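Asker: Each number in the working numbering comes from the position in the sequence shown (counting from 1) with 9 added on.
If you are wondering where the hints come from, they were derived from the structure by calculation, not from laboratory data.
Fair warning: this is a prediction, and the values are worked out from it, not measured in the lab.
Note that beta-carbon positions come from the ideal geometry of N, C-alpha and C, so glycine has one too.
The hints are all genuine.
In silico lysine-lysine, DSS-like type, Cα no more than 25 Å apart, as pairs:
no., residue 1, residue 2
1, K33, K20
2, K49, K33
3, K20, K49
Pairwise CB distance ranges, derived in the manner of DEER restraints:
no., residue 1, residue 2, range
4, K20, F67, 16 to 24 Å
5, H73, N167, 29 to 37 Å
6, G177, R74, 44 to 52 Å
7, S84, N141, 37 to 45 Å
8, N141, G61, 29 to 37 Å
9, N77, D158, 28 to 36 Å
10, T151, E93, 36 to 44 Å
11, N140, G118, 20 to 28 Å
12, V117, L161, 17 to 25 Å
13, T149, E53, 39 to 47 Å
14, P175, E137, 16 to 24 Å
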Amino acid sequence: MDLASAAQIAKTYGNRGELLLRIKSDRFSELLEGCQDKGKELEEPVFIYFDGLPVPFFISSATHRNGNAWVVTFSTIRDSAHAEEVVGRDLFIQAAEEDFLDDLDILVGFTVISQDGVKAGTISRVIEYPNNICLELEETETLLPFHEDLVLSFDQENRTIVMTIPQGLL
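All chains should be built: construct the whole structure from the sequences, respecting the hints.
Answerer: Below, the structure written as structure tokens:
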């Protein structure tokens, strides 16, 4: 299952398990708006990683606060003690094909590790040249080609990408 980062859980909100989310994805905002308008549970699950595994949660209510801030309630989190356990974590949704093309900026802040296990740097920005996506590394301003054939592993929870880095780029 391909998941896309959709929000970060910023803090608890109230004492009945409500959570304040900072939304990163326009598609997720639209899903929450639909939930708010209909006054019913979001039909598709959202996921939070625990011990490297995505755990599904269902949003039972959503209220837009301002900007990219939403207050949500999960159907299985009913008090602030349980809500506190997910604060600071990223929230993921089932990825649509366009999520990988439109939301490449979510890679900013990820650590790139070479195939040899050496830290190459931290991604400072994603540059989209025609038919060629490049990752700029913060420390050296090096541009790395970003192609699925070069990605060996991708860890959303730990924000790392292990890549085959062509010789001479670092």
